[in-house]
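Undergrad: Read top to bottom, the protein sequences are chains A and B. The first sequence begins at 1 in the numbering used here and counts up by one. The second sequence begins at 1 in the numbering used here and counts up by one.
Read the hints as simulated data drawn from the structure, not as lab findings. Note that this is a predicted model, so its numbers are computed, not measured. Every residue, glycine too, gets a C-beta built ideally from N, C-alpha and C. Don't take each hint at face value.
[Claimed, not checked] Across the chosen pairs, the derived CB separations fall in these ranges:
hint	chain 1	residue 1	chain 2	residue 2	range
1	B	V148	A	E126	24 to 34 Å
2	A	D95	B	Q74	47 to 57 Å
3	B	F50	A	E126	48 to 58 Å
4	A	E31	B	K52	20 to 30 Å
[To be verified] Incomplete in silico selection of chain A near chain B, CB under 8 Å:
hint	residue
5	T24
6	N97
7	V99
8	T139
[What the hints assert, rightly or not] Taking lysine to aspartate or glutamate pairs in the DMTMM-like style, the calculated list, with each CA pair at most 25 Å apart, reads:
hint	chain 1	residue 1	chain 2	residue 2
9	A	K5	A	E46
10	A	K5	B	D59
11	B	K52	A	E46
12	A	K32	B	E21
13	A	K149	A	E126
14	A	K5	B	D10
15	A	K32	B	D59
16	A	K5	B	E252
17	A	K5	B	D12
18	A	K5	B	D72
Next come the chains, spelled out residue by residue.
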Amino acid sequence: MAHHKISVTVNGSVESVDVPSNMTLLTMLREKLGLTGTKNGCTAGECGACTVFLDGEPVNSCLVLAVECDGAEVRTVESLARNGQLDPIQQSVIDHNAVQCGFCTPGVLISARALLDRNPDPSEEEIRDALVGNLCRCTGYVRILDAVKDAARVGAAAGNGGSR
Amino acid sequence: MREAHPGLPDFDYVRPASLEEASRFLAENPQTARPFMGGTDTFVRLRDGFWKETRYLVDVKNLDGRAEITFDPQNGLTVGAAVSMNQVVADPRIRSHYPLLAQAAHRVASYQLRTRATLVGNLCNASPAGDTLGACLLFGGILRVHGVEGYRDQPLGSFFQGPGRTALKPGDIVTSIRFPLPVPGSVGHYEKLGRNVLSDLAIVGVTVLGHPDSSAASGYRFHLALASVGPVPVVLSDLLTQAPLTPEALDEAAERAMEGCHPIDDVRGSARYRKLMVRNLSRRALALVWEGLQSGHRCE
C-alpha cells in the first residue's frame, strides 16, 4: 500500500507525517501525533466523538483520510484552552456538570465552538441542530444545551460571541 | 466476531491532476478503482466490507471548477460536484430561488457530516433513502458527466437504476448538476420520517413541488417524489390539476401516492407502515405547499 509524506498544521504546529493511504485523520491524530483528546466512537460518522476542525469547519475525523489533509489546518480539542485559560464553552460545560463519562465531550466542545463561531446567539433549536451529530449516552443532553446557552450568554456579555 | 473499530481495508489513494487522467484511470481499472468526493458513504461501505475488490480510491474533488455554485437568472443554477451540503444549505442564491433544495440538504445527517458530504455525491451514491434526490428530480436536474469520450449531459430522470446503481459507466465522473429556473411562484416542501427528528436515515421521505399553472383547471400543478419506498425514487407528476382543489382532492392525491409505491419490510420499518406514512406525509406536504401557493409564501 502506498505511503504519503504530508505536511499538516495541527493546533498551530506544522507537522510532517508519513501516512499510509488508508489512515484516517482520526488515527493520525491519536496514534501518530499522540493527540488522544479526539475519541474513536463509531467509525461511521454517526456519534461525533471524533469531531475536529478541518480548515475551520467541523468534520468527523473518522471519515477523512489523513492524506487528504496535506496542506490543511486541523484543530482538536487540545487547542481550545490557551495559556491555561479554558475556552468559555469548556468552562460552561464544567459549570453545568454537562459531563458524565466524558467520552463525547471533546466532540461536543468542537461542535459547540463551531456553532458559536458562526452564530454567537443561537436559539435552542439551532443548538440542537448543531449538536445532532454528537451522541451522548449519559447526560440526557439537557445540561449540554444549558452549557451552550450559557456560553453564548457569556460571550454576548463580553461582546465577542463566546470566543476568546 | 466483528471488531468494534474496524480499520479501512488496504487501498492506494490516487489524486489525478486532471479530469482526463481521472477518467482514464477509472476506465482502465473498472473493477478495482472508485472515485470519491467527501467519502462519507465510501469509507463506511469500505469499512463494512462492501466493495472488497477496491484497490484504488480516486480523489476527484480537487479538480478545476468543481467547488463552485453559479446562478444565472436566465439559465438557472449550477452546483459543482465538490460543493458540500453545508454550502448548499447556506448559499443565499439557493435559499432564495431553490429553497426546497436547501431544506432537503439540511435534513442530511449532521452539520459535521455535511461539511464533507456533497450534493452530487448523494446523487451518485443512489441510496433510495437519499434526502436530496427528490428535490433534485423535481427541479429537473441535469448532471454534467466527464467520461473517456469527453463531456455529456445526463438527465437525472433516467439516472437512478437501483440501490447504489446509476447510469454512470467506468471512467465517468460527474462534474456538476444544473437546474433550470423553477416555474415562477413555485413552492416546495420536504417531509422526512426518521427514527429521530433530526439526522437519521429516512424511513419515508416525501418531496412536493407545486406551482401556479393557468392551463390547469385547478390553477396549480403539483409534483411529488418519494424516498425509501422502492429501489429508486418514485415520482408522481402533474397532480391536482383538476378543479376544484379541495381538502378532499388532497386526500385523494395522498392516497394515490400511497398506491404508487411498493416499499419493502426492513430494519427501519415495515412495508405497511411505510405506505401509511407515505399517505400521511404526502397529505401534510401537499397541504403545506397548497397553503404556500395561496399565500405566496415559499415554505421551507
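Undergrad: Any hints this thing doesn't respect? Which numbers, in order?
TA: When the structure is compared with the hints, numbers 1, 3, 6, 7, 8, 9, 12, 16 and 18 turn out to be violated.
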